[in-house]
Amino acid sequence: MPVRVYHHTFFAMNTRFSLVFPEISGNLGRILSLEVRRYVDAQEEMTSRFRQGALARINAQAFDGAARVPNALWDVLMQCRRHWEQTYGLFDIALGAYRRRASDAPARSSRPTEHARPNRQYGLDKVVFDEREQSVRFTAPGLVLDLGGIGKGLALKGVKAILERNGVDQAFVSFGESSILALGEHPNGGPWHIGLADVPNTDLPLSNEAMSVSGQTPGREHIVDPRTGAWANGPRMLAVVGECPVEAEVLSTALYIASPAERPRLLSRYGKVRVLDVRSDADFIPTPIYEGSAV
Amino acid sequence: MTDEIPDIDLAVHGRTEHRREVLKKLAGGIAGSALLGTLPWFAPLQAAPAGGAPSDRVRVGIIGPGSRGQFLLEHLLHTPAVEIAALCDVYQPHLDDGQRAIGKPVAQYKDYRRLLEDTSIDAVVIATPLYLHAPMCLAAFDAGKSVYCEKSLALTIDDCKAVARAAANSTKTFQIGHQRLFHRSTLYALKQVMAGDLGPITQIRAYWHRNTAWRRPVPSADLEALFNWRLYRKYSAGLMTELASHHLHVANWFLDAHPLACVGYGSINYWKDGRDVFDNVNVIYKYPKGVSFVYDSLSSNRFYGLEVQLLGPKGTLELETAKYYSENPPPAPGIVQLINQIEKGTLEAVPIGGPSWVPDLKKDTKGTPLPEDPDRDDGTGLSLAAFVNAVRLGRRAPYMIDHAYRSGVAALMGVMAMEEQREVQWPGNYSA
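The listed protein sequences correspond, in order, to chains G and C. One point on numbering: in the numbering used here, the residue at position 245 of the first sequence is 248, and numbering is uninterrupted. One point on numbering: in the numbering used here, the residue at position 309 of the second sequence is 294, and numbering is uninterrupted.
Next up, chain G with everything else stripped away, as it sits in the complex (with noise of 0.2 Å):
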């Protein structure tokens, strides 16, 4: 049977947010995209440390003296550190510094020695969290805080949460392809079927969940691993998916950075997911290979 579908694609976080809404009409679609767009613009003005944020705002003070976290950043950097414990300081937000030095590099690193931490400049260890006082204070200079590895995840999840309030129970969100949203199931029935871009016969059925995938797209590197300093340098894609888009988001990092054998135990402090392992285009895990933390 054939289905009106609204869609809306705009600019947000310096990639592209795609909302599909399957059978809602025209104005209701517009209401909600309107309502969606906004959030995400306010979130990425708190997040991005490109924009005049709270986020940038703590990244110019921060060093020369504790600086005071509003209260919706405090949690997410709460939520980031929690992360950045579970995930054994794969996942890290305090690597900027680095990216910004590797991007002016000449040359793509080679790939890193496991647990070698050669000149150890930024990591989330350089950062003091005063919980009383709700405030962050650098201890080396030049150290930046940086959400894009999360961010993307955080704003899915209050997406989800806002089209869950206007009782939207069937939506398909893409942020930027990388970060993905299948709310509901596909209005055909069952699971909506996603596949990976430039990975033929890949299919991950995805029903209230969502999806990250991490990968190094050559001269666009962005994944640091915070072990040495240097571009992370996994497979050529990884996928997770899981019911929460955040800890998609963060598990995608942190095991596209870990060795194949060091991701089972990260794993294991994490609930049910799936991931798949893209090493060439013929050459994938498939899903299932970890199912949460039975693994």
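Source of the hints: derived by calculation from the structure; they are not laboratory data. In this text, all values refer to a predicted model and were calculated from it rather than measured experimentally. C-beta atoms are modelled at their ideal positions from N, C-alpha and C, and glycine is treated no differently. Each hint should be verified, as a subset may be incorrect.
As the list claims (entries may be wrong) - Each computed DMTMM-like pair below joins lysine to aspartate or glutamate, with the alpha-carbon atoms no more than 20 Å apart:
hint: 1; chain 1: C; residue 1: K299; chain 2: G; residue 2: E38
hint: 2; chain 1: C; residue 1: K299; chain 2: G; residue 2: E26
hint: 3; chain 1: C; residue 1: K10; chain 2: C; residue 2: E357
hint: 4; chain 1: C; residue 1: K329; chain 2: G; residue 2: D44
hint: 5; chain 1: C; residue 1: K329; chain 2: G; residue 2: E26
hint: 6; chain 1: C; residue 1: K308; chain 2: C; residue 2: E292
To be verified - Covered by chain C, according to a simulated footprint, are these stretches of chain G (three or more residues, beta-carbon under 8 Å):
hint: 7; region: 52 to 62
hint: 8; region: 180 to 187
hint: 9; region: 190 to 202
hint: 10; region: 209 to 222
Stated by the list, open to error - Derived CB-CB ranges, DEER-like:
hint: 11; chain 1: G; residue 1: E88; chain 2: C; residue 2: K299; range: 39 to 47 Å
hint: 12; chain 1: C; residue 1: K271; chain 2: G; residue 2: F53; range: 29 to 37 Å
hint: 13; chain 1: C; residue 1: S252; chain 2: G; residue 2: F53; range: 48 to 56 Å
hint: 14; chain 1: C; residue 1: K271; chain 2: G; residue 2: N204; range: 53 to 61 Å
hint: 15; chain 1: G; residue 1: G29; chain 2: C; residue 2: L332; range: 20 to 28 Å
hint: 16; chain 1: G; residue 1: R7; chain 2: C; residue 2: R42; range: 56 to 64 Å
hint: 17; chain 1: C; residue 1: V321; chain 2: G; residue 2: N204; range: 18 to 26 Å
hint: 18; chain 1: C; residue 1: G413; chain 2: G; residue 2: F53; range: 45 to 53 Å
hint: 19; chain 1: C; residue 1: Q410; chain 2: G; residue 2: F53; range: 39 to 47 Å
hint: 20; chain 1: G; residue 1: A75; chain 2: C; residue 2: L332; range: 35 to 43 Å
hint: 21; chain 1: G; residue 1: D206; chain 2: C; residue 2: K271; range: 57 to 65 Å
hint: 22; chain 1: C; residue 1: Y384; chain 2: G; residue 2: L37; range: 48 to 56 Å
Use these hints to put chain C onto chain G, whose structure you have.
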């Protein structure tokens, strides 16, 4: 009713029979076109093109068959119904060039007033230095001729008013050489603006950058003014009237308004060779609803070339390169596939996921091309065909006086703002 604009293949060397066929097809297509049917200056083209009957013939005199005049002549030689009856120029080699292009003897004049005395001539095409536009147009109207005058309208605002008034009082056809009114990709751009693809236009930016002295070699010193009239204020207003008037015309047309005021700075900062018109101009025009038109033109750098950019909250149109850029990014191919799948009621895996999409930098953005005519005709051929049809049918060319007056005056306002270093207000309509 269709959204499409019929092909307008009127390249300069296109043959008459081919043009007749193109114009015939266009005549039938205008009424059915959602856009062209609303543009008054296309009305004369709704009539079938002339056949070969003597009664259909339009006898045209060319005043100024120099470089631009020669280009217009080439078009007219292949335009149905046109008979080139006379040439006029003070420089004999230009007359010889024109004569050669026509291929048979026609009357030649050194004084345009003598040409205008020829009662068998229906219309004149004026492609002379700017300071001559007003006296020639006024004399032509007095002589009962129809007039096609190259832009810009005149050298002074008073002259612009006088010519516009004379054109309004004449029963004959008057048309200005703003060929963009007939340019295919510009018409598509207008269609996009009318459809709301930009949202409201919030700014127009335009520039015309060249790295050239703009000076032509002169066979003898006494011909300096004749060849290099563009460089002397007595004969020309320089970059504003010769180049900016085209983009000002686009701004007036697309905003459907004249500028309210302007400020600007200009100077001679590179070509200090005796010229007395600015070699760089920088003017900001104020339009209604808080919209600005920002213009600059250089003679000492050509890196950025020329462009006119229409900007709105939903997108950008660049008319010279004929591209549209949406402010909203295109959805991923996988999203399009997903939507199609849902709409058709099918279900299969859609390839969407991947490393985060990053928008192209401006320099990498390809934009959506606007349709162009074959051979990238700039609209001149159709513009002349419309003029000839209007003359043949004894009609006026609707809205042409307004197009000519607004752009001609706006260019001169910019010159005044720079020369007099003050804000210059719109001087009122030509009837005032």
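Going down the list of hints, with the structure as the test:
In summary, the hint linking K299 (chain C) to E38 (chain G) is supported, as the alpha carbons are separated by about 18 Å, within the 20 Å threshold. Restraint check for K299 (chain C) and E26 (chain G): the C-alpha separation of about 26 Å exceeds 20 Å, so the hint is violated. A hinted pair counts as satisfied when its Cα atoms are at most 20 Å apart, and K10 (chain C) with E357 (chain C) qualifies at roughly 17 Å. Taken as a hint, the K329 (chain C) and D44 (chain G) pair is broken in the structure, with Cα atoms around 33 Å apart against an allowance of 20 Å.
About 13 Å separates the Cα atoms of K329 (chain C) and E26 (chain G), which keeps this hinted pair within 20 Å; it holds. Proposed proximity of K308 (chain C) and E292 (chain C) is supported: the alpha carbons are some 11 Å apart, at most 20 Å. Closer than 8 Å: that is the beta-carbon criterion, and the region 52 to 62 of chain G has 0 residues meeting it against chain C, so the requirement of 3 is violated. For a cut-off of 8 Å, the count of residues in the region 180 to 187 of chain G with a CB near a CB of chain C stands at 4, and the three-residue condition holds.
Counting residues of the region 190 to 202 of chain G whose beta carbon lies closer than 8 Å to any beta carbon of chain C gives 11, which meets the minimum of three for the stated coverage. Counting residues of the region 209 to 222 of chain G whose beta carbon lies closer than 8 Å to any beta carbon of chain C gives 6, which meets the minimum of three for the stated coverage. Checked against the hint of 39 to 47 Å, the C-beta distance between E88 (chain G) and K299 (chain C) comes to roughly 45 Å, which is consistent with it. The beta-carbon spacing between K271 (chain C) and F53 (chain G), approximately 33 Å, falls within the hinted interval of 29 to 37 Å.
About 38 Å separates the C-beta atoms of S252 (chain C) and F53 (chain G), a value inconsistent with the hinted range of 48 to 56 Å. The given range of 53 to 61 Å is respected by K271 (chain C) and N204 (chain G), whose C-beta atoms sit roughly 60 Å from each other. In this structure the hint that G29 (chain G) and L332 (chain C) lie 20 to 28 Å apart at CB holds, the actual value being about 24 Å. Distance hint check: the CB atoms of R7 (chain G) and R42 (chain C) are about 59 Å apart, consistent with the given range 56 to 64 Å.
Look at V321 (chain C) against N204 (chain G): about 20 Å separates their beta carbons, and that is inside 18 to 26 Å. Checked against the given bound of 45 to 53 Å, the beta carbons of G413 (chain C) and F53 (chain G), roughly 49 Å apart, stay inside it. Restraint check, Q410 (chain C) to F53 (chain G): a C-beta distance of roughly 42 Å satisfies the suggested window 39 to 47 Å. Distance hint check: the CB atoms of A75 (chain G) and L332 (chain C) are about 39 Å apart, consistent with the given range 35 to 43 Å.
Hint check: D206 (chain G) to K271 (chain C), Cβ distance near 58 Å, so the stated range 57 to 65 Å holds. A hinted range of 48 to 56 Å is violated for the C-beta pair Y384 (chain C) and L37 (chain G), which are about 39 Å apart.
Hints 2, 4, 7, 13 and 22 from the earlier list are contradicted by this structure; the remaining hints agree with it.
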